[in-house]
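Enquirer: Chains V and G are the protein sequences, given in the same order.
For the first sequence, the positions run 3 to 616 when this note's numbering is used.
For the second sequence, the positions run 28 to 323 when this note's numbering is used.
By construction, these hints were calculated from the structure, which means they are not laboratory data.
All of these numbers come straight from a predicted model, not from anything done at the bench.
We put the CB at the ideal spot given by N, CA and C, even for glycine.
Among the hints, erroneous ones may be present.
To be verified - Residues on chain G that point at chain V, a partial pick, calculated with CB under 8 Å:
{"id": "1", "residue": "R219"}
{"id": "2", "residue": "L220"}
{"id": "3", "residue": "T236"}
{"id": "4", "residue": "K252"}
{"id": "5", "residue": "F254"}
{"id": "6", "residue": "E311"}
{"id": "7", "residue": "D314"}
{"id": "8", "residue": "Y317"}
{"id": "9", "residue": "W318"}
{"id": "10", "residue": "A322"}
Stated by the list, open to error - No more than 27 Å apart at the CA atoms, straight line, and that leaves these computed lysine-lysine pairs for DSSO-like:
{"id": "11", "chain 1": "G", "residue 1": "K178", "chain 2": "V", "residue 2": "K413"}
{"id": "12", "chain 1": "G", "residue 1": "K88", "chain 2": "G", "residue 2": "K209"}
{"id": "13", "chain 1": "V", "residue 1": "K532", "chain 2": "G", "residue 2": "K88"}
{"id": "14", "chain 1": "V", "residue 1": "K46", "chain 2": "G", "residue 2": "K209"}
What the hints assert, rightly or not - Chain G is faced by these chain V residues, among others (derived, beta-carbon under 8 Å):
{"id": "15", "residue": "A36"}
{"id": "16", "residue": "S92"}
{"id": "17", "residue": "G100"}
{"id": "18", "residue": "E118"}
{"id": "19", "residue": "E122"}
{"id": "20", "residue": "D337"}
{"id": "21", "residue": "I368"}
{"id": "22", "residue": "T436"}
{"id": "23", "residue": "T437"}
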Amino acid sequence: MAKSIDYDVLSSAKNKELETNEKWGLAEESEYFANKVKLYRQDKLNADEFRRFRLQNGAYGSRLNSEFSMIRIKVPGGDITPTQLEKIASLSESFSIGSAHVSTRQNIQLHWVQLEDVSEVFRGLAEVGLTSREACGNTIRNVMCSHFAGVCPNEPFDTTPYAKAIARFFLRNPICQNLPRKFKFNFSCCPEHGYVRIADVGLVPTVRDGVRGFRVYLGGGLGAASFIGHLLEEFTPESRLLSTSIATIRLYDRLGNRENLARNRMRYLVSEIGWEKFQGLLLKERILVEATISIPTKKSYDGFLNTGDLNNTSISSSSTKSKIKLPVINSNSADTPYTRWLNTNVVAQKQSGYYSVYITLGAGDITSSQLRILAECIREFSLEKKARNTPQQNFLVRYVKADQLPKVFQKLSGNGLGNPGANTIVSTVGCVGTTSCNLAITNSHRLAKEIQSKFLELNIDLDKDFVDSTIKISGCPNSCGQHEVATIGFYGGATRIGTSMVPIYTMLFAGSTGENGELGKAIMRIPAKKVLDVVLKIFEHFKKERTGNEKLNEWIYKISNGNGAGEIKNVDDMKKLLLPIIELPAFSAAPDFYKDYGTDTNFVAKTARGECAA
Amino acid sequence: MCCLSKPIKRKKNDVKVKVKVVNKRVKTKPPSTPSLNLVCDIDTLRTLIKKNKVRVVDVRKRDEYLKGHIKTAVSLPLAELLSNDDPESIINILNNLGISNDTLVVIYDDTFGALASRVAWSFKFVGHRNVALLEVTYDNWKKLGLEIERKSNKYSKVSHSIDIDYSIFADAEYIENAQNDKNKIIIDSRERLNFLTEHIPNSKNIPYTMLRSENSILRNPSELKRFMENRGIDLNNEIITYCGSVGTLSGLAFFALKTAGISNVKLYPKSFKEWKSLGKLKTEFKDANYWDLSAE
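Using the sequences and the accompanying hints, generate a full structural model.
Expert: Written as structure tokens, this is what we have:
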């Protein structure tokens with residue numbers, strides 16, 4: 003064929019930051035994967051062995067169709083560059099469905115990729131430094147870090163370099179290639195922002211006597227049975243972060259349950275042997291680790307940490323000492339789409355004069371062309387030339403100057419990326435559900451999108467009472483949608499009414515994130531097609547009965563603890579109120595209620611073996 | 028648009044007689060011009076235009092052609108070809124565009140090469156050998172600041188012989204017979220979500236979006252070859268491509284597979300639209316709500 007053209011004018015991607023992309027991916031792993039697929043197709047590799055290998059490399063089988071894979075691209079700390087976004091855009095166009103999906107753990111997923119093409123996606127990812135290695139399987143999953151880390155007014159220091167050093171230290175590390183089950187690290191920036199109580203290891207930064215360190219929470223996690231993490235000790239200095247992490251992994255590797263798939267996360271180990279015992283074992287293990295850790299091991303970690311620090315010193319920060327709430331630019335009128343967006347999608351950073359801008363997605367989905375617009379936006383308007391993705395399935399573009407905000411909005415809104423509501427209940431979270439996952443019972447993904455568009459239609463983003471409240475939806479009890487830490491959470495299930503199956507959701511109240519995060523309490527079961535009505539009914543009563551300027555999340559918290567001041571005092575009152583709404587007419591009278599969202603056939607609960615455990 | 032397969036069958040015998048005559052004539056005559064690769068690069072085309080040794084064919088809509096086109100290009104909107112695409116009509120088109128047996132032809136569009144591919148395939152089908160796709164779209168040609176003009180070009184009528192190449196053609200019946208033949212691979216060129224929804228049983232999906240690179244309508248041959256190797260497709264396999272309705276996306280796949288080095292590639296120009304209208308079996312996948320993952 004023709005020789006390739008290298009006229010710059012045709013290249014939308016300016017490859018300037020190619021060299022600065024951090025290198026997580028390895029090109030040779032792509033070739034290795036391609037060969038394994040061939041062996042598997044030639045029956046020279048048995049299905050279970052191949053499956054384990056595939057998962058370790060971040061390719062998850064698709065719902066009831068093993069021909070296709072979901073590729074979970076790890077984004078350590080959620081930190082991503084424009085060239086990476088552009089590469090994901092073109093990989094999605096070529097090999098996936100032309101859209102990418104932001105997960106609740108800061109991964110970016112490409113769905114419905116032909117198994118034989120997965121290696122090509124890996125190859126492309128490695129070109130921009132990305133990897134999906136160990137994004138699935140029994141190993142250390144993507145290391146999360148608060149998207150505000152580095153810009154949060156309440157943070158004692160930027161935790162991003164620590165999150166990345168931990169991610170780098172454990173990636174491909176022999177000590178965690180075959181754990182009893184997956185293992186998750188979550189870093190926060192301050193006590194408020196972060197999912198630290200629902201991870202195997204959750205870390206809140208703190209400074210004591212001038213020494214940086216963390217409050218380390220262990221054994222938390224969401225799932226069919228969820229637990230809140232326990233505080234290991236009052237203060238863990240940064241010098242002990244590595245040994246504490248290694249000790250935890252070693253202990254879990256040794257004592258964790260390898261028999262019962264349903265009980266092999268570390269939280270079950272902690273719960274079975276009891277926290278005090280686990281804590282004691284861990285502190286002893288740490289002494290052992292510290293006494294035996296080799297100098298090269300220690301040095302390689304320190305090297306990772308320093309590289310990370312260097313990457314982040316380019317922008318000077320003037321940290322504010324006192325605890326302040328992230329201020330939102332308040333514009334008096336919310337008449338124009340711009341001011342509406344400004345109120346809910348723009349937050350001030352600790353660096354004066356700089357703002358962080360949310361890009362609200364629908365349940366984390368973004369098209370390839372939108373990814374390219376986002377990349378342009380970052381190059382044009384962000385001083386750090388990077389963005390973060392968030393556990394709320396949105397993006398955050400940081401270091402934008404105030405006078406640039408109208409231009410940012412113009413660019414985003416012209417391309418379907420200017421929806422308001424990011425820091426309100428409008429920004430509904432939904433896992434992929436039956437759009438792609440074997441375990442899903444319901445189409446949680448579509449429900450989340452339906453709720454979001456209804457809320458936008460009702461201008462709910464304009465109402466300050468709904469700021470800081472969340473709706474999070476999972477398609478099954480396994481909590482990828484993190485329903486247990488939502489103001490109002492839902493997880494999917496199925497029930498039988500008469501002779502017909504109905505998709506239903508169990509509703510939970512008053513979950514929350516942050517260092518004081520609590521798990522939501524199950525309230526009642528609701529048919530899928532009644533969820534919106536129920537939520538709107540709750541809003542209606544909240545407006546009538548709340549006291550003072552109480553916000554929705556505060557009111558829900560009171561109700562769930564039996565402290566309501568109005569007609570609805572507790573959960574039982576709430577149930578009574580909602581019962582008439584959730585009653586279903588007979589199948590023959592209203593067949594639509596017996597179908598899930600996104601389908602015109604009657605509901606059947608179909609699931610297959612989960613891909614989560616290798 | 029809907030008369031390709033039937034007339035061919037009806038005229039098969041007549042044509043074959045003609046073919047013999049034509050072949051004799053061609054063989055006795057040494058080629059007067061060099062042959063083109065399947066994809067023509069920009070520099071080669073510019074040189075050919077300067078030397079006046081190429082017929083450039085613009086397959087965009089007529090009004091777009093009138094707003095500007097590559098220098099010396101003639102206009103042949105795809106719709107015009109599809110409205111009557113039996114072999115005789117295509118030969119008539121060639122004659123009217125001044126394309127004789129030895130004329131080098133380079134075709135372009137503004138639809139990532141898919142429309143150009145369908146026209147190029149038709150020319151090949153009726154026996155025109157020297158036809159290539161331009162490696163870029165018109166939009167990119169213009170962005171590069173290369174030679175364009177507005178005047179309508181017309182060339183004197185010629186007489187092209189007819190030599191139908193059935194080796195690159197498939198119809199529904201052919202597909203049905205190929206379905207259970209493991210040496211024949213049926214490729215669906217539509218996008219993934221359309222494929223998942225419904226497709227010809229036993230077909231494999233290679234979306235047209237897989238075939239292009241950022242700057243060219245097709246990736247380079249080594250890359251395309253690697254893709255096929257990944258898929259377990261052997262260069263000796265016979266491949267039949269189809270898409271949604273008129274064979275444009277699958278036309279592009281036809282040229283991509285040829286570029287990858289696969290010699291035996293066929294196009295089912297009536298594609299899935301005809302397949303469905305004939306009430307043939309199709310595979311549907313209803314166990315997942317994959318459409319809801321799209322942010323479109």
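Enquirer: If a hint holds in the structure, say so; if it doesn't, say that too.
Expert: Status of the hints after comparison with the structure:
1. The criterion of a C-beta within 8 Å of any C-beta in chain V is met by G:R219, whose closest approach is roughly 5 Å, and the hint holds.
2. Among the interface hints, the one on G:L220 holds; its C-beta lies about 5 Å from the nearest C-beta in chain V, closer than the 8 Å criterion.
3. Interface hint at G:T236: satisfied, since its Cβ lies 5 Å from the closest Cβ of chain V, which is below the 8 Å cut-off.
4. About 11 Å separates the beta-carbon of G:K252 from the nearest beta-carbon of chain V, more than 8 Å, and the hint is not met.
5. Interface hint at G:F254: satisfied, since its Cβ lies 7 Å from the closest Cβ of chain V, which is below the 8 Å cut-off.
6. Hint on G:E311 is violated. Least Cβ distance to chain V is approximately 11 Å, over the 8 Å limit.
7. For the restraint placing G:D314 at the interface with chain V, the shortest Cβ-Cβ distance is roughly 4 Å, inside the 8 Å limit, so the hint holds.
8. Interface hint at G:Y317: satisfied, since its Cβ lies 5 Å from the closest Cβ of chain V, which is below the 8 Å cut-off.
9. Look at G:W318: its Cβ gets to within about 7 Å of chain V, closer than 8 Å, so that hint holds up.
10. Because the beta carbon of G:A322 sits about 4 Å from the nearest beta carbon in chain V, less than 8 Å, this interface hint is met.
11. Annotation: proposed proximity of G:K178 to V:K413 is violated, straight-line Cα distance about 38 Å (limit 27 Å).
12. Proximity of G:K88 to G:K209 is assessed by CA-CA distance (about 40 Å); at most 27 Å being required, the pair is judged violated.
13. A C-alpha spacing of about 49 Å is found between V:K532 and G:K88, which places the hinted pair above 27 Å, so the restraint is violated.
14. A distance of roughly 20 Å separates the Cα atoms of V:K46 and G:K209; the hinted pair therefore holds under the 27 Å criterion.
15. Because the smallest distance between the Cβ of V:A36 and any Cβ of chain G comes to about 6 Å, under 8 Å, the interface hint for this residue holds.
16. Satisfaction of the interface hint for V:S92 is found here, the shortest Cβ-Cβ separation to chain G being roughly 7 Å, below the 8 Å cut-off.
17. This hint holds: V:G100 has a C-beta 7 Å from the nearest C-beta of chain G, less than the 8 Å allowed.
18. A cut of 8 Å between beta carbons decides the hint on V:E118: the least distance to chain G is about 5 Å, and the hint holds.
19. With a cut of 8 Å, the hint placing V:E122 at the interface with chain G holds, because the nearest CB-to-CB distance is about 7 Å.
20. A cut of 8 Å between beta carbons decides the hint on V:D337: the least distance to chain G is about 28 Å, and the hint is violated.
21. Hint status for V:I368 relative to chain G: holds, with the closest Cβ pair at about 5 Å, below 8 Å.
22. The closest approach between the C-beta of V:T436 and any C-beta of chain G is roughly 5 Å, which is under the 8 Å cut-off, so the hint is satisfied.
23. Annotation: interface hint on V:T437 holds; nearest CB of chain G at approximately 4 Å, less than 8 Å.
Hints 4, 6, 11, 12, 13 and 20, counting from the list given before, are not met by this structure.
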